[in-house]
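Undergrad: Sequence:
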Amino acid sequence: MDENKSYRTHPLFRVEQDNHHIITIQPLSAAAPEQLDMIGYLTQFVDLVTFILEREDTVGVVYTCPIQDEKIEYAQLFRQFSSSRSSPSDLFELTSKVLRWETFKKPIVSLFTNNCTAIALATMLWSNYRIASEKLQFGFPESRYGLFTAFGATIYLPALIGTENALSLLTQSKLVSSEEAHQLGLINELAQKPDDCLPLAKNWILHPPSIDANQHTKQMDELGPEAILAIQKKARGLYAGTNAVIELLQKKQLSTPFEAAEQEANLYLHVLRRPEPLSMVRTLHYGVQLAKSPKTINHFEDYSLKKIGILGAGMMGSGIAYEAARAGIEVALKDVTLSQAQRGKAYAKQVCEKSLALGAMTASQGEQLLARIKPTEQVGDLNGSDCIIEAVFEDFHLKANVTQESLPYLSENGFFATNTTSLPITELAFASSEPKSFIGMHFFSPVDRMPLVEIICGKQTAQKTLEKALTTA
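If you count the sequence shown from 1, position 29 lands on 30 in this note's numbering, and the numbers rise without skipping.
The set of hints was computed from the structure by calculation and includes no laboratory data. Be a bit skeptical, because a hint or two may be false.
[Stated by the list, open to error] Just the calculated beta-carbon pair ranges, DEER-fashion: (1) E135 <-> S169: 38 to 48 Å; (2) N402 <-> A364: 35 to 45 Å; (3) Q464 <-> E428: 48 to 58 Å.
[What the hints assert, rightly or not] 20 Å max Cα-Cα, derived DMTMM-like pairs, lysine to aspartate or glutamate: (4) K465 <-> E455; (5) K437 <-> E455; (6) K355 <-> E428; (7) K98 <-> D19; (8) K98 <-> E165; (9) K252 <-> E180; (10) K375 <-> E331; (11) K107 <-> E17; (12) K98 <-> E223; (13) K175 <-> E165; (14) K106 <-> E57; (15) K203 <-> E223; (16) K107 <-> D19; (17) K252 <-> E223; (18) K106 <-> D48; (19) K136 <-> E180; (20) K203 <-> E103; (21) K107 <-> E165; (22) K307 <-> E413; (23) K106 <-> D91; (24) K194 <-> E180; (25) K346 <-> D396; (26) K235 <-> E165; (27) K98 <-> E260; (28) K98 <-> E190.
We put the CB at the ideal spot given by N, CA and C, even for glycine.
Sequences are here, hints too, so could you generate the full structure?
TA: Structure below.
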């Protein structure tokens, strides 16, 4: 078989060679990682680049991102790594192959012509030089789901932009612009428009500085305790991905690149096999996508939402009370004492005052909204509620007590909802005499600025209750 033909007719990538023996690699538009698993797909790319670098006549390699952001399917990653057949060694082998590219001492340039995040961005860090067009964004937003990006990201990024900058970018889900990325050192050169990137890349390859075989794996600056504490304070130890990144960056200072790659692969598999990131991706990624295209909701002649009872006037309860009153619904806001319930209403007043100052609400509208909220310490004031939403502390026994206490005051066709974030709905429903009318409604904080509600059914939740909850949300 002709060697040129073997890689220039690759089924997943378009490969071109110019007169200077500079090889350009682009993914075929029809190709997508779902044709293989993510590691299988990227292994094809890495093997292709390795084959090209091994050729004596290759002067340099230019590649655009092998995957597109919209092609990254988190559900596929969870399925792949939750399989008993999956092993950290698969990811370790992939990253090890990339680490060996540096031994060829041939210039490799990656071109950014579109926004690039997550695993896609990790693949672009494998090059010696990175060129981006203006007005793009880069980052690792999957950290908001409790995940982190492996594929060498925790090895290459600290060497490029410094350990503390890498810690922030890998764990805070923030995006940086082309200009900010250039200042950080993530991007080496900016092009005015996408078409300018390739000529700049070829010029750099033909007139390169000496290629440092250890540029990606040089000794890192130390990760200071203040930087770690700042991140831990925000995450409160609840994000498995953030915890993993901190551990990896601390260990990397004492590890060889290949040891760091093995540690990264092991922790990546560990994080993907934890239940919390899966739940967060389900809600914050796929849930948000579904919420943007809501399904048609059935409306019932025997059910109308005129009054809501809310148990607990803390941050969640007061926010729910404000939103319900804003929608024109009467609200009974109950807490243990009247003063606590009144503080919950005071929150609604503060939001109204801000809206008034911004011109988003008139004084009359604010007064009418506040008049719909009745703070109380009396459970009887819940009487006739078409929906009672429990928003008390995450304590099983407390939730059971307030559920049993308030259920008699539901209207005949009403339903009961718990705002729990961690306790099983089916188990909480045991406290109800009507588990078929019991459901989870997880509002996101702050409620008045987060237009998203996660609805969770218990094993006995009736379809009609689900549809009532959807109507209420």
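Undergrad: Which of the numbered hints above does this structure break?
TA: 1, 3, 6, 7, 8, 9, 12, 15, 21, 23, 25, 28
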